[in-house]
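Residue numbers (our numbering), protein chains in the order written: chain Y, 1 to 370; chain E, 1 to 563.
Hints in this document: simulated from the structure, not taken from any laboratory.
Quick reminder that beta carbons are idealized off the backbone N, C-alpha and C, glycines included.
Careful: at least some of the hints might be erroneous.
What the hints assert, rightly or not - Simulated crosslink set (BS3-like; lysine-lysine; CA at most 27 Å straight-line): (1) E:470 - Y:15; (2) E:470 - Y:74; (3) E:477 - Y:112; (4) Y:74 - Y:104; (5) E:191 - Y:111; (6) Y:104 - E:470; (7) Y:111 - E:173; (8) E:191 - E:173; (9) E:470 - Y:5; (10) Y:65 - E:470; (11) Y:167 - Y:120; (12) Y:57 - E:470; (13) E:470 - Y:112; (14) Y:184 - Y:111; (15) Y:15 - Y:57; (16) E:382 - Y:74; (17) E:477 - Y:104; (18) E:382 - Y:57; (19) E:382 - Y:15; (20) Y:74 - E:384; (21) E:384 - Y:57; (22) Y:15 - E:384; (23) E:477 - Y:74.
Stated by the list, open to error - Residues of chain Y placed beyond 12 Å of chain E at every Cβ, according to the derived structure: (24) 94; (25) 178; (26) 181; (27) 222; (28) 276; (29) 278.
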Amino acid sequence: MASIKIENVQKAFGKTIAVDQLNLEIKDGEFFTFLGPSGCGKTTTLRMIAGFYYPTKGVVRFGDKDMTRVPPEKRNTGMVFQNYALFPHMTVFENAAFGLRVRKVPGAELKKRVQDVLQKVRLDQYSDRQVSQLSGGQQQRVALARALVIEPEILLLDEPLSNLDAKLRDEMRSEILRLQREYKITTIYVTHDQAEALSMSDRIAVFNYGVCHQVGTPSDIYNAPVNDFVAGFIGESNLLPARVEDMNQEKLSVGLVDSSNEMRLVVHNNPLNVKGDLTIGDSGLVTSIRPEAITVHRNDTGGENVFKGSVERVEFFGSTINVSARINQVLLQANMLNNGAGGFKVGEDVWVELPAAHIRVLPVVSGDSL
Amino acid sequence: MMKNREHRLTFFLLIPVVLVLVAYVLYPSLRTFFESLQSDGGLTLSNYQDFFSQESKTNLEALWNSVYISVLSVVASGLIGIPLALIFNRYQFPGRGLFATAAIMPIVLPSLVGVMAFMFLYGESGLIPNLVKDLFGLKEVPFQIGGVSGILIVHAYTMYVYFYMMVSAAIGKIDPSLEEAASNLGASKFKVFWKVTFPLMTPAIVGASLLVFMISMASFSAPFLLAGGYRVLSLQIYFSKINGDMEIAATQSVILSVVSIGFLLLMRWYQNRKDYRMASKGIGAHRSEVKNPVMKWVMAAVGVIGVIILLLPHFTILLLSLVPDGTWTFQTYPSTFNFENFRLLFEDPNIFKPLKNSLVLAVIATAGNLVFGVIASYVLVKRKFVGKSFIDILVMIPWALPATVIGMNLVFAFNEKSIFSFGQILVGTFWILPLAYFIRHIPLVVRSTNAVLEQLDDSIEEASRSLGAKWFYTFRKVILPIIMPGVLSGTLLAFVESVGEFPTSVLLYTISNRPISIEIMNQLRMFNMGQAAAYGMIQITLIALVLLISNKFFGVKAERSLT
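Sequences and hints are given; from them, build the entire structure.
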């Protein structure tokens with residue numbers, strides 16, 4: 001068991017900087033996820049922790065030990081690879097036993113420990129099989145067993161579920177969580193799948209273009225994203241370019257840039273809804289509001305942030321209904337629970353309500369997410 | 001520091017690789033080049049002037065003949081190999097699998113033994129011409145091979161396999177849905193073939209053409225036994241050496257090398273330019289059943305006849321090996337058959353000795369190939385370092401160089417003391433032949449090892465390291481066991497090729513250490529056909545065994561590494 005500290009780490013490949021100015025602290029026993037699109041630097045960071053890459057700048061510590069330049073075989077990390085990397089010439093048992101053989105664990109103990117771990121991953125029936133005879137989910141469990149049996153200080157999982165089909169993925173997700181809780185092992189999980197990240201993690205680090213944008217619990221990340229990238233990448237969000245038109249201690253009035261200033265939103269002026277210090281006239285901002293926060297009415301209900309528009313598209317998902325409504329030039333997506341009242345029709349006039357408490361004003365960091 | 005540790009490892013692995021390549025590939029080649037510039041004690045280009053302006057024009061004529069034969073060999077091989085590949089990969093008919101296997105049988109014939117078989121089959125006193133003569137009551141044999149036609153027929157027979165294998169592989173990689181897409185868009189069958197299938201096959205066809213051209217330029221055994229007075233460059237080198245005209249031999253070697261390496265570079269350039277990667281994965285075989293019953297059996301019958309023609313040389317060697325020497329002299333056909341030749345081979349120490357020599361030499365050379373091949377290939381595929389493409393080229397040079405040139409290179413490099421031979425003169429000693437065989441087969445073993453190492457995902461090695469295994473442990477317990485089947489099949493192929501190696505042997509052998517191919521040549525000169533054929537049979541059996549073992553036990557198509 002160990003905590004991990006990543007201090008000012010940079011990794012460059014030639015002139016390309018894959019990871020820059022990274023500072024992370026992962027607590028002992030935590031399930032920590034690196035989340036981001038492909039090429040964002042999350043796997044590079046994981047490989048620096050595993051010891052396959054070594055940082056161009058900065059320090060990696062396990063506990064207080066400087067591990068920056070320790071070779072991978074001396075780190076005592078258990079790694080599960082995206083393609084599992086099972087040894088094709090060995091049986092399930094031999095694969096799992098590999099790390100113990102390297103550590104020269106005596107025969108009887110080795111056998112017991114391997115059997116234990118295979119039982120934990122529910123593969124004790126399969127110990128004499130060749131790995132090629134196993135299904136994807138079973139191979140995945142061998143890879144897990146192989147990493148766990150050496151009692152690593154840190155468990156590293158590199159997109160372990162990406163090669164599995166949807167049903168198995170759900171099953172393995174709970175399997176991994178169960179094992180992690182059982183072994184109480186510090187775990188780093190790399191994924192580009194936000195559902196996996198949100199449902200499994202204690203904390204998440206969101207990466208893009210080699211930069212870590214936000215670290216926080218799943219609900220932090222979802223409810224209080226720090227910028228437009230995080231807001232757009234995690235879940236769905238209506239991201240609208242905005243400018244501060246007026247403000248006081250309690251409220252903010254923002255004009256939506258696309259609507260030629262016809263649409264103004266009232267936003268609560270507090271740290272939960274506004275990121276950073278703003279003054280009147282500030283632009284380069286977005287307002288972010290989740291589709292599920294928006295309500296669509298058939299009549300004019302009056303009040304704050306209610307706008308008249310018309311329905312442009314309706315998508316029926318069963319439990320929920322997506323309604324896209326256009327207000328002037330602004331297209332808003334609303335996601336409402338199906339209450340059985342019957343759907344909206346395309347072209348119908350509606351009143352769209354954007355509750356001020358759910359609107360966030362965020363800085364823009366990525367040009368392409370809008 | 002980790003990075004330094006990894007760099008140090010790469011460096012230590014590179015040292016032996018670079019040393020061997022420089023000492024036994026680069027240095028001998030340069031030595032030959034240097035020799036070709038020597039004339040009257042000074043460095044001049046006069047040898048090259050002589051080559052191109054000599055009054056008798058023998059050298060120019062030989063160069064021209066080599067090119068001429070090579071072009072014709074490419075055409076003839078292509079005309080046989082491409083249609084066969086299309087038929088066997090596109091149509092399903094009775095016996096297809098058997099014919100497809102038989103189609104690579106010419107590879108099972110070592111070059112010298114193959115030429116011998118053709119002489120007995122189609123030569124002046126050959127079985128087939130005489131059979132035709134007797135059947136139709138002719139006064140003279142209706143046809144016989146020899147000279148250019150003989151060389152060409154032997155080339156076509158052995159080299160069409162390259163077209164067959166490379167085009168087959170290309171066809172196998174064509175996703176059937178591409179053709180279906182073309183049909184779906186309204187193209188006729190004819191149009192689909194010319195606009196989709198054929199263009200996708202062209203890289204393989206061009207690749208095979210260049211390869212056959214190279215092999216044909218380097219061909220030694222066929223001209224050696226069949227050329228008569230016809231001059232080709234590879235043979236001229238041998239004659240120059242025998243006559244002691246070493247500077248001329250060097251000049252001829254350099255010119256032949258330039259042509260060969262030129263073609264190698266052309267081939268690489270073309271392959272890099274035209275590499276169609278199929279987007280789709282997991283393509284299944286896609287053969288249309290021949291429905292017309294007449295057509296079906298016509299194809300099967302043609303197939304059977306084809307197989308008979310293809311296997312006739314093998315049977316001829318078998319037949320001859322069963323004819324005791326001295327029982328077939330003036331008769332048209334042999335009459336006595338027994339195992340006398342094989343009994344003698346294993347009982348008479350004088351007759352057994354060449355076989356033993358060849359096996360010993362090949363074992364030594366191949367052991368070297370195995371160790372060198374694995375290290376070189378691992379460094380080339382899995383490690384990063386500056387100058388990799390240079391090492392890559394050095395590894396491929398022995399493949400591009402004609403065997404005769406490799407032999408000459410060794411003559412020039414090691415007929416004097418040098419640091420690379422530990423201050424010894426190697427020419428005339430036991431060690432020169434294993435060295436020659438080793439050099440000849442460096443590319444074969446490295447390439448077949450590369451193929452398996454490239455398949456091996458880097459994460460396998462990383463998984464082992466992260467589980468606590470050091471590099472050497474990982475290499476022994478994880479990498480080696482996984483790649484061994486592929487490596488062994490390449491190595492076994494190198495072994496049997498070494499056993500049969502003729503061109504370098506004839507330049508470098510010593511009487512006390514003569515290998516099987518030299519003995520075959522001697523026996524042929526003494527008209528001991530039976531004994532020569534018995535040696536040949538041993539080689540055929542060895543090669544067949546190796547291909548079988550590779551296929552059955554290693555699951556590797558060893559013959560693929562020949563192309």
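A quick look at each hint next to the structure:
Between the alpha carbons of residue 470 (chain E) and residue 15 (chain Y) the distance comes to roughly 31 Å, so the proposed pair goes past 27 Å and is violated. Distance check on the hinted pair: residue 470 (chain E) and residue 74 (chain Y) sit about 9 Å apart at the alpha-carbon level, within 27 Å; holds. Note on residue 477 (chain E) and residue 112 (chain Y): the hinted pairing holds, with a Cα-Cα distance of about 22 Å set against a maximum of 27 Å. With a C-alpha separation of about 14 Å, the suggested pairing of residue 74 (chain Y) with residue 104 (chain Y) holds against the 27 Å cut-off.
For the given pair, residue 191 (chain E) sits about 64 Å from residue 111 (chain Y) by alpha-carbon distance, which is inconsistent with the 27 Å threshold. As the CA atoms of residue 104 (chain Y) and residue 470 (chain E) are separated by approximately 13 Å, the hinted pair is consistent with the 27 Å bound. Using a Cα cut-off of 27 Å, the hinted pair residue 111 (chain Y) and residue 173 (chain E) is violated, with the two alpha carbons roughly 45 Å apart. Our distance criterion of 27 Å between C-alpha atoms is met by residue 191 (chain E) and residue 173 (chain E), whose separation comes to about 20 Å.
For a cut-off of 27 Å, the pair hint linking residue 470 (chain E) to residue 5 (chain Y) stands: about 25 Å separates their Cα positions. A hinted pair counts as satisfied when its Cα atoms are at most 27 Å apart, and residue 65 (chain Y) with residue 470 (chain E) qualifies at roughly 21 Å. Restraint check for residue 167 (chain Y) and residue 120 (chain Y): the C-alpha separation of about 21 Å stays at or below 27 Å, so the hint holds. Restraint check for residue 57 (chain Y) and residue 470 (chain E): the C-alpha separation of about 25 Å stays at or below 27 Å, so the hint holds.
Note on residue 470 (chain E) and residue 112 (chain Y): the hinted pairing holds, with a Cα-Cα distance of about 24 Å set against a maximum of 27 Å. Annotation: proposed proximity of residue 184 (chain Y) to residue 111 (chain Y) holds, straight-line Cα distance about 23 Å (limit 27 Å). Simply put, residue 15 (chain Y) and residue 57 (chain Y) have alpha-carbon atoms about 14 Å apart, close enough for the 27 Å limit, and the pair holds. Proposed proximity of residue 382 (chain E) and residue 74 (chain Y) is supported: the alpha carbons are some 21 Å apart, at most 27 Å.
With a CA separation close to 14 Å, the supplied pair residue 477 (chain E) and residue 104 (chain Y) stays within the 27 Å bound. Of the pairs offered as hints, the one joining residue 382 (chain E) and residue 57 (chain Y) holds, with about 25 Å between alpha carbons and a cut-off of 27 Å not exceeded. A hinted pair counts as satisfied when its Cα atoms are at most 27 Å apart, and residue 382 (chain E) with residue 15 (chain Y) qualifies at roughly 22 Å. Restraint check: the Cα-Cα separation between residue 74 (chain Y) and residue 384 (chain E) comes to about 23 Å, which is no more than 27 Å; the hinted pair holds.
Simply put, residue 384 (chain E) and residue 57 (chain Y) have alpha-carbon atoms about 21 Å apart, close enough for the 27 Å limit, and the pair holds. A threshold of 27 Å between alpha carbons decides the hint, and for residue 15 (chain Y) with residue 384 (chain E) the separation of about 17 Å falls inside it, so the pair holds. At roughly 18 Å between alpha-carbon atoms, residue 477 (chain E) and residue 74 (chain Y) fall within 27 Å of each other, so this suggested pair holds. With a minimum CB-CB distance of about 10 Å to chain E, residue 94 (chain Y) fails to clear the 12 Å threshold, and the non-interface call is violated.
With a least CB separation of 22 Å from chain E, residue 178 (chain Y) remains clear of the 12 Å interface cut-off, as annotated. With a closest Cβ-Cβ approach of about 23 Å to chain E, residue 181 (chain Y) is found to remain outside the 12 Å limit, as its non-interface label requires. The claim that residue 222 (chain Y) lies off the interface holds: its Cβ sits roughly 32 Å from the closest Cβ of chain E, which is beyond the 12 Å cut-off. The non-interface label for residue 276 (chain Y) is consistent with chain E: the shortest C-beta to C-beta separation is roughly 40 Å, beyond 12 Å.
Taking the minimum C-beta to C-beta distance to chain E, about 46 Å, the non-interface status of residue 278 (chain Y) holds against the 12 Å cut.
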